[in-house]
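Asks: Order-wise, the sequence lines are chains A and B. Add 12 to a position in the first sequence, counting from 1, and you land on the number used in this note's numbering. Add 78 to a position in the second sequence, counting from 1, and you land on the number used in this note's numbering.
Mixed in with the good hints, there may be bad ones.
As the list claims (entries may be wrong) - What the simulated footprint calls covered on chain A by chain B, stretch by stretch (three residues with Cβ under 8 Å from a Cβ of chain B suffice, anywhere in the stretch; the number is not a length):
1. 47–53
2. 188–194
3. 350–364
Stated by the list, open to error - Estimated spans, in silico, between C-beta atoms of each pair:
4. A/324 <-> B/149: 50 to 56 Å
5. A/382 <-> B/253: 49 to 55 Å
6. A/424 <-> B/253: 51 to 57 Å
7. B/105 <-> A/249: 19 to 25 Å
8. A/353 <-> B/329: 23 to 29 Å
9. B/274 <-> A/425: 46 to 52 Å
10. B/274 <-> A/426: 51 to 57 Å
11. B/274 <-> A/150: 51 to 57 Å
12. A/256 <-> B/122: 21 to 27 Å
None of these hints come from the bench; they were simulated from the model. Backbone N, C-alpha and C fix where the C-beta goes; we use that ideal spot for every residue, glycine too.
Residues per chain, in single letters:
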Amino acid sequence: MTSASALERLLRPVAPLLPGISIADVADRLLTPEHKAFLSLPIVDGSGRPVGLVSRSALQDIFMQRFGRDLRGRHPVEEVMNPAPLTVSLDTSLEEAAKQITAQLQYPITEDFILVDARGHYRGLGTVLDLLKAMEARIAQRNLVLRKALVELKESQTQLVQSEKMASLGQMVAGVAHELNTPLGYVQNNLQLLRELSAPLFDLAAAQATLADCLNDPQCDEARLAQALQTAEQARQDAAPELLAEDLAQLFDDTFYGLGQIAELVVGLKDFARLDRAISEEVDLNECIRSALLIARNNIKDKAETLLQLGELPRIPCAPSQINQVLLNLLNNAAQAIEGFGRIHIKTWAEAEAVFISLQDSGRGMPPAVLARIFDPFFTTKPVGQGTGLGLSISYKIIQDHGGQIRVASEPGRGTRFLIRLPRPQALPLQRSA
Amino acid sequence: MSEPIRILFVDDEERILRSLAMQFRRQYQVLTETDPRRALERLKSENVQIIVSDQRMPQMSGTELLAQAREIAPDTLRILLTGYSDLDAAVDALNSGGIFRYLSKPWDPQEMAFTLRQAAEIAVRQAQPSAPLAMLQPAPLTLLLLDDQPQTLEVVAEFCVAGGHRLLRAASLGEAVALLNSQVVDVLVSDLQLAGEDCTPLLKSLAQAHPRLLSLVVTPFRDTQALLKLINEAQIFRYLPKPIRRGLFDKGLQAAAEQVQLWRAQPAQVVTRLAQPPRDEREREKVGSLLGMLGRLRERLIA
Numbered sequence: 013m014t015s016a017s018a019l020e021r022l023l024r025p026v027a028p029l030l031p032g033i034s035i036a037d038v039a040d041r042l043l044t045p046e047h048k049a050f051l052s053l054p055i056v057d058g059s060g061r062p063v064g065l066v067s068r069s070a071l072q073d074i075f076m077q078r079f080g081r082d083l084r085g086r087h088p089v090e091e092v093m094n095p096a097p098l099t100v101s102l103d104t105s106l107e108e109a110a111k112q113i114t115a116q117l118q119y120p121i122t123e124d125f126i127l128v129d130a131r132g133h134y135r136g137l138g139t140v141l142d143l144l145k146a147m148e149a150r151i152a153q154r155n156l157v158l159r160k161a162l163v164e165l166k167e168s169q170t171q172l173v174q175s176e177k178m179a180s181l182g183q184m185v186a187g188v189a190h191e192l193n194t195p196l197g198y199v200q201n202n203l204q205l206l207r208e209l210s211a212p213l214f215d216l217a218a219a220q221a222t223l224a225d226c227l228n229d230p231q232c233d234e235a236r237l238a239q240a241l242q243t244a245e246q247a248r249q250d251a252a253p254e255l256l257a258e259d260l261a262q263l264f265d266d267t268f269y270g271l272g273q274i275a276e277l278v279v280g281l282k283d284f285a286r287l288d289r290a291i292s293e294e295v296d297l298n299e300c301i302r303s304a305l306l307i308a309r310n311n312i313k314d315k316a317e318t319l320l321q322l323g324e325l326p327r328i329p330c331a332p333s334q335i336n337q338v339l340l341n342l343l344n345n346a347a348q349a350i351e352g353f354g355r356i357h358i359k360t361w362a363e364a365e366a367v368f369i370s371l372q373d374s375g376r377g378m379p380p381a382v383l384a385r386i387f388d389p390f391f392t393t394k395p396v397g398q399g400t401g402l403g404l405s406i407s408y409k410i411i412q413d414h415g416g417q418i419r420v421a422s423e424p425g426r427g428t429r430f431l432i433r434l435p436r437p438q439a440l441p442l443q444r445s446a
Numbered sequence: 079m080s081e082p083i084r085i086l087f088v089d090d091e092e093r094i095l096r097s098l099a100m101q102f103r104r105q106y107q108v109l110t111e112t113d114p115r116r117a118l119e120r121l122k123s124e125n126v127q128i129i130v131s132d133q134r135m136p137q138m139s140g141t142e143l144l145a146q147a148r149e150i151a152p153d154t155l156r157i158l159l160t161g162y163s164d165l166d167a168a169v170d171a172l173n174s175g176g177i178f179r180y181l182s183k184p185w186d187p188q189e190m191a192f193t194l195r196q197a198a199e200i201a202v203r204q205a206q207p208s209a210p211l212a213m214l215q216p217a218p219l220t221l222l223l224l225d226d227q228p229q230t231l232e233v234v235a236e237f238c239v240a241g242g243h244r245l246l247r248a249a250s251l252g253e254a255v256a257l258l259n260s261q262v263v264d265v266l267v268s269d270l271q272l273a274g275e276d277c278t279p280l281l282k283s284l285a286q287a288h289p290r291l292l293s294l295v296v297t298p299f300r301d302t303q304a305l306l307k308l309i310n311e312a313q314i315f316r317y318l319p320k321p322i323r324r325g326l327f328d329k330g331l332q333a334a335a336e337q338v339q340l341w342r343a344q345p346a347q348v349v350t351r352l353a354q355p356p357r358d359e360r361e362r363e364k365v366g367s368l369l370g371m372l373g374r375l376r377e378r379l380i381a
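The shape of chain B in the complex, shown without the other chains:
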C-alpha cells in the first residue's frame, strides 16, 4: 500500500477549509492552513502532492503562494480556487504558478472530486520510482508556429536559430494537423485565431492526444473565461498577451525547452498534464473529430 495522497487546502475562510476537509478526508490525507505563509512553511518540511489555494488572502495572494510553492516543491500539483474571475490573476497563476487547474467558487462538489482524482492520478504516477535521470545533452527541439504576425515569427525564429531548433509553420489548421501527423512537435506557439479559424479545439485536442506537447498561446484576446478553459481543458503552458513582451516570451520559450528536455529524460508514463474534457457539447464534438484526424499521431505515441 502506497502512501496516501496529501492535499493542502489554503483559504483565509476557515469554513471553506472545514467543508473541503470533511468532503475529502476519507479519500485523502487533508491538511488545511488559513495563512499562506504557514502553508509555505509546511511545504518545506512536509510532503504534499496537491495544493489548492484561494486567491485573495490578506497576507499573500494565491498566485504568489503557488509561484513560491512551485519553487519549494516543484512536483506539487497546484490548483487555484477563487471566487473572483480576474484575468491578471489567472495569467500569473499559469505563467508563474504553473497551475494545473483554475477552479471557481462556488464549486461543484463532483467536479472538485473529479479534478482532485485526476491530480492524484498524476501524483501517483510521479511517485513511481523512475530510472535515474540521464543527463542528456540539450537536443534540438521542433517548434510549430501557428501565427502569421511578423513580430511573433521574429521572436520564435530568433529563439530557434540561437538554440539550433527546428521551426515549422502552418498557415491553416489543416496544414497544422498534417504537420502534427507527420512530424514530432515539441512546442506549439499559437494565436487563438489562425486564418480566421479558431485554434482552441486543436489546442484542446492536442492536450489529450499529445500531453507532452507544450502549447504557448500568444494572443490579443483578454477574456478570463476563455483563459480558464485553456488552462483546464487545453492545459496550456503559457498565456502571453499581445502585443508581445519580448522578455516574457523568451522566458516562456526557454522554460518550455527546459521542460521538454526534462521529460525526454523521464519515462513516458510520467506525464504531468491531464486535460479536462471540454464542457461545451459542440466543442467536445469538434475536439473529438480533431482527435480522429490526429489519430495517427496518437497511435505513434502509444506504439
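Next up, chain A with everything else stripped away, as it sits in the complex:
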C-alpha cells in the first residue's frame, strides 16, 4: 500500500521515555541536538504503549515560573504530560491521518503526534510539518494527474467533435453521391442511345456521298447509279431522320438538363463546404438554408415536403460552413423524426437586433424528458452506432460561439421547432447598454 508506506516515511524514531522520568531529565533531553526538531517527547508504559506526550511548551510554562525548576524538576513527567496525545496507526492512509490530526490539532501547535503499529505499540514520532509537506507533495502529484487527464479529455473532445464533423460530412457526401446517380443514370443511358441512334445517320451520309460521287462521275454507268440510289434510299429509311429528330431533341434536352443537375449538386457541395472562403464573412443566411437544403435533399425528398418562407435578411458576419453544418444537422434530424410523409417549414426574418431562423417539422416530437437533454453531449435516441449524440451539442456550441441562441419547443405527436437567433452586428452595443 502506497498510503501506508507514506506514513512510514513520516516516522521519526525517537526513544520513548517512561512515565516516571523526572521533568528536569526530560528538559535536558529536549535540549540535545537530536531532539531539536521535536515539539514534544513520547512517554510509554512498560509494555511499550504510548501513554502521553510531554511538550516543550508545558515545560517552558513550569520553568518560566519563579523557582519552577527547583520546585517541580524532580517530579515525574506524568504530572505534566498530555495523557491523550494525538496517536495515529502506521497503517492509516496519509489522507486519513491528515484528517484525524487536523481535526484534533489546537493552536498554537505545541505537540507532535505518536505513530503506533497495528497492535498499538509505540513506533516513533511524526511532526505536523512533515505531514503538511507530504500532503502538499501528494496534492501536487494529484494536480499533475488531473492536468494530464484534462489535456487528454480536451484532446479526445476535439477528436470527437472532429469525428462528428467527419460523420456528418461523410453522410453528406454519400447523400450527394447518391443524388448524383439519378442524373448520371439517364445521362449515361442517353449518350449510349445517342450513339446508337446517330450511327445510321453516318451510314446515310456515306451512302449519299457515294451517290453524289456517282452523279458527278461521267463514267458512272446505269447499274452503279441504280445501286447507289437504292443504297441511299435504304439508308434514308433506316435512319428515318424525320422520326429521329424528335427523339434526338428530347435526348439532348434531357441530357443537358441532367448535366445541369450534376453541376448544381457539385456547386452546392462546394458552396456548402465553403472551404475556399474566409472563416467569417458577411453571409446571407437564406443562402445557407438553400445550400443545406440542396445537400439534404436526398434525405428529405421521400420524407417531407419543405415549405420555405424566407424573409429579407441583412448579411451577418459568421462562419458559413459552421452554420451550414447546424442547418444540415437540424434538417436531417427533422427528416428522421417524420413518420410517413410530413412537412418541414423553414422561416427566416430579421428584427432590429437579430436575425431568426425557425425550422419546424411535423415529426413525432419529443417528450419533456428527452427535450431537456437534447443539447447534452452524447445524448442520443438513436440505436448504438447510428448517432454520436454530438450533433445537437455541437450545433448549440456553434450558435453560442456566434453570440446567438438556439431554442427548441416540441410536443409529442405534433412535431418539433428549433429557433435560431443570431445577433446583428450593430445590435451588439445596444444590447450591452440595455
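Dock chain B against chain A, hints included.
Replies: Coordinates of chain B only, in the frame set by chain A:
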C-alpha cells in the same frame, strides 16, 4: 406470335423513364409511371410481366411498391433500380418484395438489357399454359442446414418437427456438396460462413445447378454489396440478419415450404429463378468448379 412482354418502369424522375423507354421500346411494350400509386392501379387492370422501380419516391418507397405489386400480381418479375445502397431497403425488397434483381444507378445499358432479357425469358416460360394445378397434399420437404449456431438449429429443428420435414446437417462445405449430390434438398438454410469457409460460391452454384432449391441466408453480416450479389447472383429467397428474429425466420421457412409445394405442382420448365453469373473472375472460377462437383445433381435434374 405471342403477346409482347410488357414492362412497367416506375421512377419519380421522368427523364429516367424517357431514357429507359427509348432504350427498350423496340423489344418490349414499355409502360411508365412517375407515381407509384398509379403504377399499382395499373397493375390491377393491366397485364404486366416485369416491373422496374426506383427506391426513393415521395409517395411511396420502391420496396413498398414491389411488396404491394407482389400481392396484386404475384407472377410479375420485380426489379429494384436505385441510386442508394441501403441495406434495409435491400433486405425489405428481397424479403417482402421477392425481387428478381437489385440494380444500381447509374446502370450499364448492356447489363440492363441482359437482365430484362432474362426476366422476359422467365415471363415467357411462365406464360406457357401449364397443366391444371393438382391440389397436392403438403408433402414433407428436405431441409439442409449449414450453420453450427444452436439458435438457428433450434428454430429449424422445431419447424421440421412441426411440419414432418426431414432435416439434414453438414459441418463443412465438402459434406454439404456430398449431401446435395446424394439427396434431393428443397430448402437450404445457411450462414455465409461454415467452419471458416465462405458459403457464397456454393449458394451461387446452387442457384445455377438447382434453381428450385430455395436458399435462406441467416447471417450476422450486414454488407449491402454482399447482399446485392446474393440477390442477383445467388437468387436467394430470404436474407435474415442475426441475431435471428424468430417470427421472421419462421415466416421465411413457411413461405419457402409453400413455394416448394407450389412448384411441385407445376411442370419443371416453369422456373422463376435465374441467376446472373458472378462478375468477379475468381468467384466465377470457384462457382465453376463447384458446379462440376454438383454435376451429378444436375444430371439427375435434367434426366
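Asks: A separate judgement is required for each hint: does it hold in the structure or not?
Replies: Hint-by-hint comparison with the structure:
1. 47–53: violated (count 0)
2. 188–194: holds (count 5)
3. 350–364: violated (count 1)
4. A/324 <-> B/149: 50 to 56 Å: Holds, at about 52 Å.
5. A/382 <-> B/253: 49 to 55 Å: Hint holds: Cβ distance 52 Å, inside 49 to 55 Å.
6. A/424 <-> B/253: 51 to 57 Å: 55 Å, holds
7. B/105 <-> A/249: 19 to 25 Å: 20 Å, holds
8. A/353 <-> B/329: 23 to 29 Å: Since the Cβ atoms of residue 353 of chain A and residue 329 of chain B sit about 28 Å apart, the hinted range of 23 to 29 Å holds.
9. B/274 <-> A/425: 46 to 52 Å: 51 Å, holds
10. B/274 <-> A/426: 51 to 57 Å: 54 Å, holds
11. B/274 <-> A/150: 51 to 57 Å: Between residue 274 of chain B and residue 150 of chain A, where Cβ atoms are some 55 Å apart, the hint holds.
12. A/256 <-> B/122: 21 to 27 Å: 36 Å, violated
Hints 1, 3 and 12 from the earlier list are contradicted by this structure; the remaining hints agree with it.
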